[in-house]
Structures are given as structure tokens and as C-alpha cells.
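There are 2 protein chains.
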Amino acid sequence: MIKMDEKIFEELAELFGAFSDPSRLQIISVLSDGEMNVSAIAEAVGLTESATSHQLRNLRQLRLVRKHKEGRQVFYALDDEHIKGLYQFGLDHILHKRD
Amino acid sequence: MIKMDEKIFEELAELFGAFSDPSRLQIISVLSDGEMNVSAIAEAVGLTESATSHQLRNLRQLRLVRKHKEGRQVFYALDDEHIKGLYQFGLDHILHKRD
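Top to bottom, those sequences are chains P and X.
Each number in our numbering comes from the position in the first sequence (counting from 1) with 365 added on.
Each number in our numbering comes from the position in the second sequence (counting from 1) with 365 added on.
Read the hints as simulated data drawn from the structure, not as lab findings.
Remember, identical chains collapse to one label, so a pair may be satisfied in a single copy or spanning two.
Below, in silico cross-link-like pairs of lysine-lysine (DSS-like), each with a Cα-Cα straight-line distance of 30 Å or less:
| no. | residue 1 | residue 2 |
| --- | --- | --- |
| 1 | K449 | K434 |
| 2 | K432 | K372 |
| 3 | K432 | K462 |
Construct all of the structure, not just a fragment, from the sequences and the given hints.
Following this line, the structure appears as C-alpha cells:
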């Protein structure tokens with residue numbers, strides 16, 4: 366086992382806490398297929414653009430999502446491969462328990 | 366993307382919520398090396414046996430940990446490989462962000 370200080374467990378608890386919201390998870394699910402703009406995300410999750418923007422701001426603050434510009438377009442993507450991995454592992458666990 | 370109902374996102378949010386506690390994570394960290402009895406877990410995480418038993422009950426209710434008996438001994442283990450995977454992915458993300 367890696368020797369770890371308590372600070373790491375606190376950061377880790379925060380990270381998992383960031384995933385513990387159904388709306389955030391729905392957006393993460395959509396973005397795990399690739400980057401998208403706000404309109405496309407809003408349509409995929411069935412929220413208004415305004416509500417989607419609000420959730421995206423949250424997700425960026427929690428460092429689960431990042432954005433970048435291409436010309437006038439703004440795209441959102443999962444912050445890194447770990448975010449997709451975490452989401453996917455969680456989902457596999459739930460689906461496995463259902464079988 | 367797999368087509369999913371809202372129920373799955375709620376279950377998933379609960380699962381991640383179960384991971385969002387530093388003490389629980391510390392026990393998960395210890396058990397990711399293999400099964401152990403209460404005394405060994407208590408020693409590894411620096412809690413009393415009574416406090417450790419309490420946390421283990423929580424973890425079992427949240428289905429992150431399971432127990433089995435060998436003679437008079439009771440051993441605790443992570444519920445399945447997904448639990449270890451989730452913990453490890455989260456940890457990798459935190460350590461990666463620190464670099």
C-alpha cells in the first residue's frame with residue numbers, strides 16, 4: 366500500500382462527493398462520448414441551456430469538466446481520462462449488481 | 366452511449382456518495398491490499414476496534430465491503446473488483462493533479 370497522509374483521503378472524499386449528484390452524472394455520461402457544446406449537451410440530457418450552463422460551471426469548479434474555444438464555439442469535455450474511468454467503473458458496478 | 370433511465374443516475378450518485386468520506390476511504394485503502402480482520406484494520410487505520418466495527422457496518426450497508434467467517438475469525442474484504450477500481454482511479458486522479 367502507498368503510504369498516504371490524511372489530506373489525500375480528504376481530497377479523495379471531495380472528488381467522490383463531486384460525482385454524487387444525478388444531474389452532474391448525466392452530463393458526465395453524455396461527455397464520456399466526446400466533447401460537445403452547451404446546446405448539444407442540453408438536448409442530450411433534457412435540460413434548458415441555462416440549467417445546463419449552471420451545471421457545467423459546477424462541474425468545472427469541481428475540476429471534472431474543462432472547456433475550450435474553437436473560433437466562437439465553446440466546447441466542454443471531461444477533464445481527463447480518469448473522470449471517464451471513474452464514471453465507467455461506477456456504472457459497471459451498478460449494472461453488475463442488477464444482473 | 367448506453368441508453369439509461371434516471372434511476373441509474375440516482376443509484377450511481379448514491380454509490381459515489383458512499384465513497385465521499387475520508388474514514389471510509391481509509392478503510393477501503395487498507396482493504397484494497399486484501400481481506401483482513403477487524404483488529405488488523407483498526408491498527409492499519411489508527412482507529413479503535415469499536416470505531417472500526419462501526420465504519421465496517423456502514424461500509425457493508427453501502428455494499429462496498431462484505432464479510433465472511435473462517436472458523437471463529439471474521440474477515441472483511443472489498444465487495445468486488447469494481448470497488449478497488451473506483452478507489453484506485455480516484456486516487457490516480459488526485460495524485461496526477463498534484464504532479
